[in-house]
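Asks: So the chains spell out like this:
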Amino acid sequence: MRQLDRTLGAVLGLVLGSLMYSSFVSANADRSPIPSQPSQNDCRVCHEQTMATFETTAHAGIASSCASCHGDANEHLKSNLEKGEPGPIRSFKKVKAGEASQVCLSCHEGKSGQKHWTGSTHDSHDLSCVSCHNPHPAAGTRPKALLRASQQELCTSCHLQKKASMMRSGHMPLREGKLECSSCHNPHGTPYEKSLLQVSANQNCYSCHAEKRGPFLWEHAPVRENCMNCHDAHGSTQDKLLKVKTPLLCQQCHQASSHPGPAYPAASRYAFNQGCLHCHPMIHGSTHPSGNRFFR
Amino acid sequence: MVTMRKAHLLPLAAVLALAAAKAYTQDAAGATRSGSLSFGAQGGYGIEDSSKLQQFEEVGQGAVLFGADYTWRATSGLYFDFKGTNLSLDDRAASAVLGKKGRWKLDLRWTQNPNFMSNTSRTLYTETSPGVFTLPDAVQRSLQATFYPWTAPTATNPSGVGSTTATDPTKAGFYSLSSLLAGATPFELRSLRKTGRAAFSLDLGRNLAFEIAYQNEGRKGYKNMTFYAGGANLETPQPLDYRTHDIRAKLDFTRGRFFASAGVGLSQFRNAVPYTEADNPYMVDLLNPTTGSPVVNNAATTRNWLPPDNDFSSVDFSGGVSLPKRHKLTVTVFTGRMTMDTHLLPISTNPYIETSTNPALQNASFTLDPAYPDIHAEMQPFLGMVKLTGDPHKLFGYSVYFRKNDVEDKTDEYRFTSAVRGDASAGSYNEAGTLRESAYFGKDSLKGELHVKPVKGLRLGVAVGTDTTDFDMREFLDIKDTTVTGSLDWAHQRLSVHGSVTSLAREPGEENPHAIQPAWHGATQHDIARRDSLSYSALATMLASDRLSVTVSTQGAKNEFPESDTGLLDSRSANYGVDFGYSVADKLTLSAGYVFEKYDFGMAAAYVPRGTAPPYLPENRWSNDSQDESDTVRLGLRWNTGKLAFQSDLDYSKARNDSSYVFVPGGLNEGDGVFPATTMAGITSQTYGAFPQVAKETTIWKTSVTYQLGKRVSLSALYWLQKFDNTDWATDTESLTPYMALSDPGANKWMFLGASVPSYDANIFRASIRYTF
Chain Z
1 MRQLDRTLGA
11 VLGLVLGSLM
21 YSSFVSANAD
31 RSPIPSQPSQ
41 NDCRVCHEQT
51 MATFETTAHA
61 GIASSCASCH
71 GDANEHLKSN
81 LEKGEPGPIR
91 SFKKVKAGEA
101 SQVCLSCHEG
111 KSGQKHWTGS
121 THDSHDLSCV
131 SCHNPHPAAG
141 TRPKALLRAS
151 QQELCTSCHL
161 QKKASMMRSG
171 HMPLREGKLE
181 CSSCHNPHGT
191 PYEKSLLQVS
201 ANQNCYSCHA
211 EKRGPFLWEH
221 APVRENCMNC
231 HDAHGSTQDK
241 LLKVKTPLLC
251 QQCHQASSHP
261 GPAYPAASRY
271 AFNQGCLHCH
281 PMIHGSTHPS
291 GNRFFR
Chain X
1 MVTMRKAHLL
11 PLAAVLALAA
21 AKAYTQDAAG
31 ATRSGSLSFG
41 AQGGYGIEDS
51 SKLQQFEEVG
61 QGAVLFGADY
71 TWRATSGLYF
81 DFKGTNLSLD
91 DRAASAVLGK
101 KGRWKLDLRW
111 TQNPNFMSNT
121 SRTLYTETSP
131 GVFTLPDAVQ
141 RSLQATFYPW
151 TAPTATNPSG
161 VGSTTATDPT
171 KAGFYSLSSL
181 LAGATPFELR
191 SLRKTGRAAF
201 SLDLGRNLAF
211 EIAYQNEGRK
221 GYKNMTFYAG
231 GANLETPQPL
241 DYRTHDIRAK
251 LDFTRGRFFA
261 SAGVGLSQFR
271 NAVPYTEADN
281 PYMVDLLNPT
291 TGSPVVNNAA
301 TTRNWLPPDN
311 DFSSVDFSGG
321 VSLPKRHKLT
331 VTVFTGRMTM
341 DTHLLPISTN
351 PYIETSTNPA
361 LQNASFTLDP
371 AYPDIHAEMQ
381 PFLGMVKLTG
391 DPHKLFGYSV
401 YFRKNDVEDK
411 TDEYRFTSAV
421 RGDASAGSYN
431 EAGTLRESAY
441 FGKDSLKGEL
451 HVKPVKGLRL
461 GVAVGTDTTD
471 FDMREFLDIK
481 DTTVTGSLDW
491 AHQRLSVHGS
501 VTSLAREPGE
511 ENPHAIQPAW
521 HGATQHDIAR
531 RDSLSYSALA
541 TMLASDRLSV
551 TVSTQGAKNE
561 FPESDTGLLD
571 SRSANYGVDF
581 GYSVADKLTL
591 SAGYVFEKYD
601 FGMAAAYVPR
611 GTAPPYLPEN
621 RWSNDSQDES
631 DTVRLGLRWN
641 TGKLAFQSDL
651 DYSKARNDSS
661 YVFVPGGLNE
671 GDGVFPATTM
681 AGITSQTYGA
691 FPQVAKETTI
701 WKTSVTYQLG
711 KRVSLSALYW
721 LQKFDNTDWA
731 TDTESLTPYM
741 ALSDPGANKW
751 MFLGASVPSY
761 DANIFRASIR
771 YTF
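So the protein sequences, as listed, match chains Z and X.
Numbers 1 to 296, taken from my numbering, label the letters of the first sequence in order.
Numbers 1 to 773, taken from my numbering, label the letters of the second sequence in order.
These are calculated hints, taken from the structure and not from any lab test.
Note that the Cβ used here is the ideal one computed from N, Cα and C, for glycine as well.
Wrong hints could be hidden among the right ones.
Some chain Z residues well away from chain X (every beta-carbon gap over 12 Å; in silico) [as the list claims (entries may be wrong)]:
hint	residue
1	S36
2	Q37
3	R44
4	M51
5	T53
6	P86
7	R90
8	S91
9	C104
10	H136
11	L146
The calculated DSSO-like cross-link candidates involving lysine-lysine, where the alpha carbons are at most 27 Å apart (straight line), are [unchecked claim]:
hint	chain 1	residue 1	chain 2	residue 2
12	X	K387	Z	K178
13	Z	K94	Z	K83
14	X	K250	X	K100
15	X	K83	X	K100
16	X	K194	Z	K240
17	X	K101	Z	K144
18	Z	K93	Z	K178
19	X	K702	X	K587
20	X	K587	Z	K144
21	X	K105	Z	K178
22	X	K250	Z	K212
23	X	K394	X	K453
24	X	K105	Z	K93
25	Z	K194	Z	K212
26	X	K325	Z	K94
27	Z	K240	X	K220
28	X	K325	X	K394
29	X	K453	X	K83
30	X	K598	Z	K194
31	Z	K162	X	K723
32	X	K387	Z	K194
33	Z	K144	X	K83
34	Z	K144	Z	K93
35	Z	K178	Z	K144
36	X	K194	Z	K178
Output of the computed footprint for chain X on chain Z, the stretches with three or more beta carbons under 8 Å from beta carbons of chain X [stated by the list, open to error]:
hint	segment
37	67-76
38	120-134
39	152-162
40	194-206
Please build the complete structure, drawing on both the sequences and the hints.
Replies: This is how it looks when you write it as structure tokens:
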């Protein structure tokens with residue numbers, strides 16, 4: 001039955017794909033030609049400091065005119081020259097988030113990692129590209145034109161709790177600079193949960209922890225379903241990023257007769273050091289013929 | 001199986017190098033170059049006190065090459081970037097990118113990630129070959145004499161197996177082992193991950209881009225591994241000698257409103273040490289003094305089966321079309337295949353193992369030979385998703401998606417009739433056998449969201465969704481989640497606010513008649529099967545003035561579980577944070593932040609005496625409440641006068657965990673003696689209400705001064721304080737000792753590595769020069 005579901009899903013995908021392909025518009029109606037625009041030197045007259053840092057960025061060699069992003073600058077310049085006041089221009093500080101993003105996506109949506117921005121978690125919270133990026137930063141070039149010096153600093157400016165988690169004793173090597181938020185997430189959106197890079201949390205984890213991928217002869221259901229059933233990937237007070245110390249972590253599910261059921265004192269081998277894993281070390285899965293209880 | 005032939009890469013590398021060299025020669029006159037080199041010296045005290053300081057980074061001492069970078073840009077668009085950090089240390093990283101803007105790019109990366117788990121480990125074992133751990137005979141005899149003074153065979157105990165230390169307080173247990181362990185060889189429990197990655201991307205015209213990437217990752221070292229050796233728990237180093245090869249190719253297409261990307265991936269994991277074999281420390285020569293025959297059920301060695309080799313292949317496609325009124329239709333499909341093929345060894349290294357301690361009851365069908373010479377395991381993950389988003393009017397918009405995500409279990413239903421618990425314990429035979437059952441699970445998600453923008457800057461949204469999760473192995477065949485989310489996003493001048501509230505209702509479907517019953521060693525699944533949950537989040541950012549920004553945030557979740565006596569009963573979290581950024585002057589900024597977190601976890605269980613079936617007696621029920629609290633503080637200062645730059649950052653975190661029990665007076669919680677109902681001679685009954693508090697306090701303070709000596713040279717001095725106070729009864733041997741009473745007589749036959757994580761107080765000083773050209 002599941003195979004049939006998959007087949008139907010694949011057929012549906014192919015049909016929709018064919019419909020999309022046959023319905024695409026060859027020319028982008030929104031891309032009306034821009035009349036001849038002032039050059040960057042014209043903009044430099046008033047925006048010296050901005051242009052000085054802009055020239056060190058990746059956009060410097062691409063845009064022939066600031067109008068590529070800021071729209072028609074003729075009125076803006078003309079008003080300044082004639083009246084001494086700058087005329088209308090697209091200011092990313094003032095436009096709506098969706099409009100701001102569309103400007104960037106007109107170049108960045110297709111081939112690169114931003115194709116799933118529309119409808120993504122950040123987009124659905126009314127953030128735009130300029131919420132995180134500054135194409136002409138005030139303090140010189142930054143990686144990916146970020147607003148802050150590092151990804152971690154930028155992301156945790158809103159996700160304060162994740163910053164606290166990274167400081168915990170059990171943590172991934174983010175604060176040591178060995179990983180970044182984008183090692184697991186794409187802030188521009190993905191088709192997957194939590195904007196993960198892979199189809200599931202587990203596939204994300206397997207990209208570094210391939211020894212846990214299996215499959216195994218004997219599977220442990222909560223492990224196969226979601227690593228986050230037992231671990232907190234952002235940080236934990238416990239070792240190995242466990243949410244709760246053993247044996248309590250295991251006992252929340254395993255409460256059957258005799259052995260898993262009792263309360264164990266601190267001096268018990270069921271509690272200190274590796275706890276339940278003293279006897280069940282292959283808890284992520286076993287390939288031994290007698291490994292159904294993960295002893296071997 | 002894919003075999004990597006590195007020689008195939010050489011022609012490609014040669015072509016690219018020639019092309020780059022040719023372009024470089026042509027563009028040399030008009031090219032710009034820049035770079036820097038940062039080197040110096042570092043040292044201090046307290047650096048080697050604990051593995052925790054250098055868990056993921058090496059604090060180099062002496063001369064250190066801190067960093068290097070080089071940039072080359074040609075007028076033709078050709079460019080080269082190199083960046084390296086900590087190049088002389090174990091945690092070095094380097095990247096080199098060569099490319100031509102808008103045409104092609106070759107991206108090479110090398111990173112090393114250390115993992116230093118403990119500097120207090122010691123072991124009596126010697127690794128004589130990869131994965132083989134041996135003990136000197138003299139050590140084994142000493143251990144044997146400590147734990148197994150010979151017990152004369154009897155009719156009911158013909159093997160003569162028995163440990164009198166459990167019930168004889170005149171025989172030392174763990175503490176006598178300490179004298180032997182004092183002479184054990186100390187070693188560092190650590191591993192190093194080395195990852196090399198090469199990616200080549202090519203623009204095939206205006207609409208098409210291609211990328212192929214290869215990654216080779218090796219992980220070598222040791223981690224700790226404990227195992228059950230028939231009554232005793234032992235811990236040895238587990239060798240890590242892993243190698244993972246990954247290849248991924250991707251094609252991106254875009255034309256007008258249509259876009260698509262397709263990719264294939266191959267991954268191969270190989271474990272060079274698939275098994276460990278360790279001498280059983282208690283069994284050197286144990287012969288029945290009456291018959292002279294070896295004592296059955298006592299193995300000379302014990303074998304552990306480590307993660308086997310595996311392979312993974314995948315294909316994915318994502319495409320869509322942008323339609324008018326900011327509509328977008330996206331389709332994503334992913335399918336993969338995870339496989340594991342392995343040869344099965346005999347199920348025990350003990351040739352004397354039998355199905356009963358009484359030879360008269362030995363089952364002739366029991367065999368050490370596995371039922372199958374080889375096994376094949378296979379799982380197929382799949383994802384299919386259709387998503388439609390749109391803003392048909394400036395006042396409102398919507399998004400809707402359906403996603404199917406499952407893992408199909410294709411492994412055969414292997415059946416094993418002979419089984420062992422450990423090499424040094426009894427075997428068993430069961431004609432019905434233990435059957436390997438399907439571990440399939442899948443989730444179907446349907447979600448729709450509608451948002452309105454009634455006034456400028458305000459966005460109100462509501463989303464409704466259902467997730468139906470199917471299982472093969474769980475207590476219930478399926479579980480359904482219904483979620484309703486309300487969200488608010490508002491931005492007005494200097495203030496922006498984001499908030500959301502989500503309600504989740506979870507209900508189980510039909511019971512699974514084939515599931516492992518919770519009455520046995522399976523699991524009750526109330527926590528995944530039934531709950532009502534309410535979660536919230538809010539974030540407000542305010543530019544109080546041109547110089548001051550303030551951010552406050554809160555998040556929380558509360559779960560209500562059904563009325564139940566046992567299982568997970570309570571799970572709540574709440575956290576609050578505030579963050580300030582203040583520009584005192586143009587060149588002086590201050591920042592500060594604080595986050596408080598709290599997690600509550602409550603559960604209950606009950607003791608059911610061995611050999612009896614549930615339900616339990618009320619007096620045998622117990623409950624536990626665990627609470628985590630954490631304070632995190634951050635302070636920062638940046639002052640740049642042009643010639644002089646001063647920077648100071650302080651990060652402080654204190655997390656503590658309290659765990660308390662509630663018992664019913666007079667209950668019988670464990671017949672083996674954890675809480676013995678009757679007092680045993682020489683055993684002190686251990687009663688307590690709570691585990692000792694776990695507290696972990698981390699302070700990281702880095703202060704640096706940089707002076708620009710000239711146009712090209714800057715001098716820096718750094719003071720780095722890092723402190724860690726660890727109070728953890730489970731992993732800190734100093735805290736544990738007072739609690740190691742003889743109230744668990746079945747557990748005093750253990751030999752561990754002593755892999756603890758000590759506290760430390762490190763002060764590090766660094767002087768460096770940066771030369772820019």
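Asks: Does each hint fit the structure? Answer for all of them.
Replies: Against the structure, the hints:
Its beta-carbon lying about 24 Å from the closest one in chain X, S36(Z) satisfies the requirement of being farther than 12 Å from that chain. For Q37(Z), the condition that its CB be more than 12 Å from all CB atoms of chain X holds, with the nearest at approximately 21 Å. With 12 Å as the threshold on Cβ separation, the claim that R44(Z) sits away from chain X holds: the shortest Cβ distance comes to roughly 20 Å. Even its closest Cβ contact with chain X, about 18 Å, leaves M51(Z) beyond 12 Å, as expected for a residue assigned away from the interface.
Against the 12 Å criterion, T53(Z) stays outside the reach of chain X, whose nearest CB is about 16 Å from its own CB. Taking the minimum C-beta to C-beta distance to chain X, about 20 Å, the non-interface status of P86(Z) holds against the 12 Å cut. With a least CB separation of 16 Å from chain X, R90(Z) remains clear of the 12 Å interface cut-off, as annotated. Distance to chain X confirms S91(Z) as a non-interface residue, since its nearest Cβ pair spans about 14 Å, more than 12 Å.
Even its closest Cβ contact with chain X, about 14 Å, leaves C104(Z) beyond 12 Å, as expected for a residue assigned away from the interface. Once the 12 Å rule is applied to beta carbons, H136(Z) is consistent with being away from chain X; the minimum gap is 18 Å. Taking the minimum C-beta to C-beta distance to chain X, about 16 Å, the non-interface status of L146(Z) holds against the 12 Å cut. This hinted pair does not check out: K387(X) and K178(Z) have alpha carbons roughly 34 Å apart, beyond 27 Å.
Of the supplied pair hints, the one linking K94(Z) and K83(Z) holds, its CA atoms being roughly 22 Å apart against a limit of 27 Å. Straight-line distance between C-alpha atoms of K250(X) and K100(X) comes to about 19 Å, which keeps the hinted pair within the 27 Å bound. For a cut-off of 27 Å, the pair hint linking K83(X) to K100(X) stands: about 18 Å separates their Cα positions. Straight-line distance between C-alpha atoms of K194(X) and K240(Z) comes to about 20 Å, which keeps the hinted pair within the 27 Å bound.
At roughly 16 Å between alpha-carbon atoms, K101(X) and K144(Z) fall within 27 Å of each other, so this suggested pair holds. Restraint check: the Cα-Cα separation between K93(Z) and K178(Z) comes to about 34 Å, which exceeds 27 Å; the hinted pair is violated. Proximity of K702(X) to K587(X) is assessed by CA-CA distance (about 19 Å); at most 27 Å being required, the pair is judged to hold. Of the supplied pair hints, the one linking K587(X) and K144(Z) holds, its CA atoms being roughly 24 Å apart against a limit of 27 Å.
With a C-alpha separation of about 23 Å, the suggested pair K105(X) and K178(Z) falls inside the 27 Å cut-off, and the hint holds. Between the alpha carbons of K250(X) and K212(Z) the distance comes to roughly 25 Å, so the proposed pair stays at or under 27 Å and holds. This hinted pair checks out: K394(X) and K453(X) have alpha carbons roughly 7 Å apart, not beyond 27 Å. About 34 Å separates the Cα atoms of K105(X) and K93(Z), which puts this hinted pair outside 27 Å; it is violated.
For the given pair, K194(Z) sits about 21 Å from K212(Z) by alpha-carbon distance, which is consistent with the 27 Å threshold. At roughly 21 Å between alpha-carbon atoms, K325(X) and K94(Z) fall within 27 Å of each other, so this suggested pair holds. For the hint linking K240(Z) to K220(X), the alpha-carbon distance of about 18 Å falls within 27 Å, and the restraint holds. Among the hinted pairs, K325(X) with K394(X) is consistent with the structure: their alpha-carbon atoms are about 9 Å apart, no more than 27 Å.
The suggested pairing of K453(X) with K83(X) is violated, with an alpha-carbon distance near 46 Å, which exceeds 27 Å. A C-alpha spacing of about 22 Å is found between K598(X) and K194(Z), which places the hinted pair at or below 27 Å, so the restraint holds. About 21 Å separates the Cα atoms of K162(Z) and K723(X), which keeps this hinted pair within 27 Å; it holds. At roughly 15 Å between alpha-carbon atoms, K387(X) and K194(Z) fall within 27 Å of each other, so this suggested pair holds.
For the suggested pair K144(Z) and K83(X), the alpha carbons sit about 15 Å apart, so the restraint of at most 27 Å is met. Note on K144(Z) and K93(Z): the hinted pairing holds, with a Cα-Cα distance of about 20 Å set against a maximum of 27 Å. Restraint check for K178(Z) and K144(Z): satisfied, since their Cα atoms lie roughly 18 Å apart, inside the 27 Å limit. Among the hinted pairs, K194(X) with K178(Z) is consistent with the structure: their alpha-carbon atoms are about 12 Å apart, no more than 27 Å.
Only when three residues or more bring their CB closer than 8 Å to a CB of chain X does the claim for the segment 67-76 of chain Z stand; here the count is 0, and the claim is violated. Restraint check on the segment 120-134 of chain Z versus chain X: 3 residues with Cβ-Cβ distances below 8 Å, three needed, restraint holds. For a cut-off of 8 Å, the count of residues in the segment 152-162 of chain Z with a CB near a CB of chain X stands at 4, and the three-residue condition holds. Residues of the segment 194-206 of chain Z lying with their CB closer than 8 Å to a CB of chain X number 4, which satisfies the three-residue condition for coverage.
Hint compliance for this structure: hints 12, 18, 24, 29 and 37 are not met, and every other hint is.
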